[in-house]
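**Q** Residue numbers (the numbering used here), protein chains in the order written: chain P, 1 to 50; chain E, 1001 to 1672.
These aren't lab readings, by the way, just hints derived from the structure by calculation.
One thing to keep in mind: the hints can contain errors.
Stretches of chain P that chain E covers, calculated by requiring three or more beta carbons in the stretch to come under 8 Å of a beta carbon on chain E [as the list claims (entries may be wrong)]: (1) 2-12; (2) 15-27.
List time: in silico DSSO-like cross-link candidates among lysine-lysine, alpha-carbon distance up to 27 Å [claimed, not checked]: (3) E:Lys1511 with P:Lys27; (4) E:Lys1048 with E:Lys1500; (5) E:Lys1121 with E:Lys1151; (6) P:Lys27 with E:Lys1045; (7) E:Lys1515 with P:Lys27; (8) E:Lys1121 with E:Lys1500; (9) E:Lys1388 with E:Lys1475; (10) E:Lys1151 with E:Lys1048; (11) E:Lys1151 with E:Lys1500; (12) E:Lys1515 with P:Lys25; (13) E:Lys1163 with E:Lys1048; (14) E:Lys1388 with E:Lys1478; (15) E:Lys1169 with E:Lys1183; (16) E:Lys1048 with P:Lys27; (17) E:Lys1511 with P:Lys25; (18) E:Lys1500 with E:Lys1515; (19) E:Lys1264 with E:Lys1121; (20) E:Lys1388 with E:Lys1476.
Here are the computed distance ranges between Cβ atoms for each label pair [unchecked claim]: (21) E:Arg1387 with P:Ser23: 42 to 52 Å; (22) P:Ser23 with E:Ala1254: 52 to 62 Å; (23) E:Pro1287 with P:Phe11: 46 to 56 Å; (24) P:Phe11 with E:Gly1655: 34 to 44 Å.
Every residue gets a Cβ at the ideal spot worked out from N, C-alpha and C, and that includes glycine.
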Amino acid sequence: MANIIVGIIVFGSLGLIIRSMVSSKHKGKTGCHSGCGTCPFACEKKTESR
Amino acid sequence: MAHTIALAGNPNSGKTSLFNELTGSTQYVGNWPGVTVEKKEGHLKHDKRYLIVDLPGIYSLSPYTLEEVVTRDYLLDGRPDLIIDVVDSTNLERNLYLTTQLIETGIPVVIALNMMDITEKRGDVIDVLALSHSLGCPVVPTSAVTRDGLKELVRVALQMIEKAQSVAKTATFSKPVEYALGKIGAFLEGSVPPETLRWYAIKLFERDGKVLARLNLGETRLQEIETIILQVESETDDASEGLVTNDRYEYLSAITMRTHRQAKKKGNLSASDRIDRVVTNRWLALPLFFLLMWGIYYIAIQSVGDLFIGWIEWLFVDLIGANVALGLSMIGTSPWLTGLVVDGIIAGVGSVLTFVPQMMILFFFLSLMEDCGYMARVAFIMDRIFRKFGLSGKSFIPMLIGTGCSVPAIMASRTIENQRDRRMTVMLTPFIPCGAKLPVFALLVGAFFPNSAWIASSMYLVGIIAVILSGIVLKKTKAFAGDPAPFVMELPAYHMPRMKGVFIHMWERGKQFIKKAGTIIAVASAAIWILQSTSWSFQLVETQQSILASLGRLIAPLFVPLGFGTWEVAVATITGLLAKETIVATFGIVLGLGNVAEGDPNLLASIGTFFTPVSAYAFMVFTLFAAPCAAAIGATRREMQSARWTWAAILFQTGIAYAAALLVYQIGSLIF
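Isolated chain P (complex conformation) (with noise of 0.2 Å):
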């Protein structure tokens, strides 16, 4: 039972940063993952309203 439940924690968690990257690629957010606040260049594609 320990062994489903921290399994499914375990992978669950992978899946889901797996899914968010994928989706975040796709929106065209980030593909360095060195953050667009610091750089000058990255994340053009993004119309950002703060």
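Starting from the known structure of chain P, fit chain E onto it as the hints suggest.
**A** Frame of chain P; chain E shown alone:
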């Protein structure tokens, strides 16, 4: 309906600083020209009805550079409701040159007379009312740094949007030019919006190819316009574009004479000039730069930065790792799953996060150097050196950005108009050590060279030497031959660094590094641990019989001549393609690194089996030059716009990495 306000102005006039203040954003503010290549958008703070667009810095609306084309196309096609023209008040006349062109677009203009704090400090006086009267548009003295005048600027800007009408005065030219513009304008009536008529007429008079193509006038009409231009040119004995430029400067000169009183200089040289005499000195400049880089790396990696390593290790190994392992075993989790969580994910992520303080300290100092104006000098120094070897100084700006991350650095190369130079810059930029490579260097320096402060900083020097040598070689090939592109760069005056900006930059870098560890590194660590614990038949096995070991053994012989021919290190070179920090995570999992504090005997014991000091340095050199991470390869593909050129870049970089590491190991082994 949302109104749009465009921020336009010369490079380094403070547009992005103003943008950040007006929108509450934390966009990157670089103290060198060309930081903004693409326009950026954000809503006005506290009023979402107004969209602010930060445009790239330009000197004119001529279509010679990418930045000029981006700005011009936006103004003509996007038609913002208002332009806030950010004018560097310390360099009034040259900045107003663009102002006159912006006014001609027919869009209402408000002038933000920026950097007034510096102008006042110099003792210069600008008659703001007279300037406003001369140009016919509101002028608001501002300082984006001290925030002076920003409220007034917003108030005036919103008032102008309400009026929705340009009342600015266009520049008047000499009689022959005005006569020609009148005639050309008459041809254009009805085919362009009336408010832009003068702008189009001037551009046609200047024989602007892009405007000619845009208007698509018939052959006969073009012939008529050409006859008018030729008539004026023969009358004045000057080219049409030159005539407009001269007349514009004469017009501006008359205005600044009336409105700008410069303080009498106490000496011939300003403080900035005096500093530059030393900093950009032919003989002192480079040694000084490398001395500074040595100092920064020393502080970041070997002194202050190293102090924090023990705390983070305690957090991950003793606190999180040990307690999670205990908790999982108490609830009866299988050893395999416990191993995946503790020895895989926590060990991998922890080994990377250990280097966060060092990375933040490095970026703190790099930000300081940039913000005070020194990095712009470095580009100037490098231009002098690069040019001797057939490279353009323009290539060095992406390389400066590359100290942070290769992806934006590769993208920055698009400002280089010459395609050959641009391709070469894309290929060579990853040779400058990016932040992601820092943990690799810090780990190996800590293990093998704890008392040699120059080892980590030598990566910077080795990177620059490789850029120069590669440039010399590539320039001799047909694909890259040709004169380097001219590089014009205005050096900003030195000033005290703005600590808020420096800390924001440092924090953003650190935050993203942590985020990266929590995403891509965590997934990679789990994958690496699974591959090193299972066989091809998906049975749990010892590491030596694992999938990872068998894959590593396939490629390991390639690295034997480089001194790191074990499968464990071979695997790390491949996982590094995902993200360079993954190399450290791989070592953390596969080599089972515990304490990575500098000079710790345990660290040397665990990593010493795989490297000697010479092979460790060869590995650092290999990591420095080898094909960059997947994201940087993607950026290379986008900028090269060719799969063939992308592969050429990857093979070139990896070839250089192999050759350099081979030389280091073979020669180093003979000497040491």
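**Q** Does each hint fit the structure? Answer for all of them.
**A** Here's how the hints hold up against the structure:
Chain E is given as covering the segment 2-12 of chain P, and this holds because 5 residues of the stretch bring a CB closer than 8 Å to a CB of that chain, at least three being needed. Taking a C-beta to C-beta cut-off of 8 Å, the segment 15-27 of chain P contributes 4 residues in contact with chain E, enough for the three needed, and the coverage statement holds. Taking the CA atoms of E:Lys1511 and P:Lys27, the gap is near 21 Å; set against the 27 Å cutoff, the hint holds. At most 27 Å may separate the alpha-carbon atoms for a hinted pair to count; E:Lys1048 and E:Lys1500 meet this at roughly 25 Å.
In summary, the hint linking E:Lys1121 to E:Lys1151 is supported, as the alpha carbons are separated by about 22 Å, within the 27 Å threshold. Using a Cα cut-off of 27 Å, the hinted pair P:Lys27 and E:Lys1045 holds, with the two alpha carbons roughly 25 Å apart. Between E:Lys1515 and P:Lys27 the alpha-carbon distance is near 18 Å, which keeps this suggested pair within the 27 Å criterion. Of the supplied pair hints, the one linking E:Lys1121 and E:Lys1500 holds, its CA atoms being roughly 21 Å apart against a limit of 27 Å.
The suggested pairing of E:Lys1388 with E:Lys1475 holds, with an alpha-carbon distance near 12 Å, which does not exceed 27 Å. Taken as a hint, the E:Lys1151 and E:Lys1048 pair is honoured in the structure, with Cα atoms around 16 Å apart against an allowance of 27 Å. Taking the CA atoms of E:Lys1151 and E:Lys1500, the gap is near 20 Å; set against the 27 Å cutoff, the hint holds. A hinted pair counts as satisfied when its Cα atoms are at most 27 Å apart, and E:Lys1515 with P:Lys25 qualifies at roughly 15 Å.
Pair hint E:Lys1163 plus E:Lys1048 holds up; C-alpha atoms about 19 Å apart against a cutoff of 27 Å. At roughly 19 Å between alpha-carbon atoms, E:Lys1388 and E:Lys1478 fall within 27 Å of each other, so this suggested pair holds. Straight-line distance between C-alpha atoms of E:Lys1169 and E:Lys1183 comes to about 20 Å, which keeps the hinted pair within the 27 Å bound. Between E:Lys1048 and P:Lys27 the CA atoms are separated by roughly 23 Å; this keeps the pair inside 27 Å, and the hint holds.
Taking the CA atoms of E:Lys1511 and P:Lys25, the gap is near 19 Å; set against the 27 Å cutoff, the hint holds. A hinted pair counts as satisfied when its Cα atoms are at most 27 Å apart, and E:Lys1500 with E:Lys1515 qualifies at roughly 22 Å. Between E:Lys1264 and E:Lys1121, the direct Cα distance comes to roughly 13 Å. Compliance with the 27 Å bound is thereby established for this hinted pair. With a C-alpha separation of about 14 Å, the suggested pair E:Lys1388 and E:Lys1476 falls inside the 27 Å cut-off, and the hint holds.
A C-beta distance of roughly 45 Å is found between E:Arg1387 and P:Ser23, which places it inside the suggested range of 42 to 52 Å. A hinted range of 52 to 62 Å holds for the C-beta pair P:Ser23 and E:Ala1254, which are about 58 Å apart. Between E:Pro1287 and P:Phe11 the C-beta distance comes to about 54 Å, which sits within the given range of 46 to 56 Å. At about 39 Å, the CB distance of P:Phe11 to E:Gly1655 agrees with the hint of 34 to 44 Å.
The structure fails none of the hints (numbered hints given earlier).
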